[in-house]
Amino acid sequence: MTGFVSFFRRLEGPQTVGRGPAFWSLFAVVMMIAVAYPLFSDGYTVGNTVYFFVWVFIALSLCLIWGYGGSLSFGQTAFFGIAGYGYGVLTLNFGSAYGFTLVALVASVAIAAFFAALLGYFMFFGRIAGVFLGIVTLAVTLMLERFMAQTAGPEWHIGSARLNGFNGMSAMPPLTIPWPGEPIVLFADVGLYYFVLGLLVFVYLALRILMNSSFGNVIVAIRENPERAEMLGYDVRKYQLITFVIGAVLAGMSGVLYTAWGQYITPSSMGMTAAALPLIWVAVGGRSDLTSTVVGTLVVLAAFQALTIYGSQYALVFMGVLLVLTVLIAPNGLVLGTMNWLGRLAARITQRAG
Amino acid sequence: MDIATHVFSALYQFGDAFAFLVLSACGLAVIFGMMGVINLAHGEFIMCGAYVTAATAHAGLPLPLGILAGTVVSALVGVLVELAVIRHLYDRPLDTIVATWGLSLIATQGTLIMVGSTMAGVGTPFGSFQVGDYSYSIYRIVLFCAALGVLAGLYALFNWTRFGVLARATIQVPHMAAALGVDTRLIYSLTFACGAGLAGLAGGLYAPTMTLVPTMGATFIMEAFVTVVIGGADVFLGTAPAGGLLAIVKSGMTSWQGQLFGQIGLLVAVIIVVRVLPKGISGFVLRERT
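Top to bottom, those sequences are chains A and B.
Residue 113 in UniProt numbering sits at position 113 of the first sequence; the count goes up by one each step and never skips.
Residue 221 in UniProt numbering sits at position 221 of the second sequence; the count goes up by one each step and never skips.
Derived by calculation from the structure, the hints in this document are not laboratory data.
Keep in mind the model is a prediction, meaning the values are calculated, not measured.
Don't take each hint at face value.
[As the list claims (entries may be wrong)] Rough simulated footprint, nothing fancy, chain B against chain A, three-plus residues with beta-carbon under 8 Å:
1) 17 to 27
2) 117 to 125
3) 135 to 148
4) 273 to 279
5) 338 to 350
[Said to hold, decoys possible] Stretches of chain B that chain A covers, calculated by requiring three or more beta carbons in the stretch to come under 8 Å of a beta carbon on chain A:
6) 90 to 97
7) 223 to 229
8) 261 to 269
Built from N, CA and C at the ideal position, the CB exists for glycine as well.
Using the sequences and the hints given, assemble the complete structure.
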């Protein structure tokens, strides 16, 4: 029992909104609804929900780097693409037998992390910060898109996997879990739903623990004042690099899951628009809090999809307006603002009752 | 082919790359150098200039007037954007990136909806001339001269005019300039308009050489950003030498391995230069001087 309580204590802290029995019982209710959800819904809707979940990882990575770390990075989309292409190349070459897709998942994410470590070394140890970091990462992302878009010819292949230029790669196998007897193939419906949901909850809780640990506090200290953090004896560059790599891992997970979900990946998933969307979700949700990011991402994604269905080409204009207005009016994010307001309201009510 | 034609070809390619880098970057550099604001909608201002130029040229105006119109319209749009958005974000530089990105999304998609997915271009004027076995476009030489002209014009503007003096005072110590009676808000507005106008000029100048699509801004911004990152905050000590350095890398890599590798070369050059000189070339030069 004490172990259980101390586990909960590590999930709470100054860096995350939401604490106490009220929050965690709400969390449990949401979890139960999420687990029961496929029972009440059809395969297509569940698959679509998985699509939303897939994007939450890249949103969390941006939340970590930008919201907590204070360095605005457009590179998440590049890591998304690298891992997505990595999964495609690996599975098209080696197939999906013996649970290889899971190995490919880990390997692709590792490739993205390696790339992030390389890029991050040059950036953080070169002391690039602020707007320059944004520009360098953006340049890398756009470069990667242009590079992948011109790989149309048959000479561009890795093993037996053609890169296919602007059309991208397709027909890679979905994630498969090896099982005695029949391997479980996670197609983009209920099977993949539970897999991604489990992964999402794990990542969310792990990030809560990480951000409320001393590591997370140092990251926030660096965001607030890098010089002061340095004077206190922390190697700012090392902490920033580690955060950047963790962020790349999350973005890479998004990329692999996206590729496995739709069984295709194209260079435009690393383009300007693709890089802008996670920024919008995170900014609108509330970049400096994990829960707000998750909620904001899901809400904005659902709204965006509805808009694309009914308003077709005006959806992106609306997203742009939403982003500008959020930055101007509610710089901390709409969801976080609402949650803070609810928290104050609850505190006032309990005070009055007590 | 003898040595002279080789040399000419290399110089021509260098000049072309230099003009592209400097013209696309100087608007961004003015805004960044003066106000520390990175304008991610820079590419869309370029697009605006190009579209207005093409539209006026179709309406029958001569091309130079069309380019002028593109410049002026972009500058006016710049004033509007500054008043509506940028003005409120001066103390939050990271948020200006995000907000201008939102603007860029709106502008790209809005143009796509209103004008359509492409616009009829303008023919490249002046024709071409022959050196050795290759023919070269005269317009590219005009662009190179325009780039030098823009640099000279900016130098004159910031050093010899009252606006330039007030603007430089405002960058150095904003509150002191305000205390001495300078309307710093007006200066910021004008500077932003100047940067937007320069972007429009770049768009207008390149309109005859490109296909006009709503996403054409993206062709420019990578080069523009890269030049500004390497150059640092000062237009003359930074953007011009950075343009020169990157033009060597770009034209060399392009003639060796093709256009894509020219761009990859740029990116690698940036990452290396930034690792060695974190404040860009101008930061390095200024530190040496003091």
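- Item | Structure-inconsistent hints, enumerated in ascending order | 1, 5
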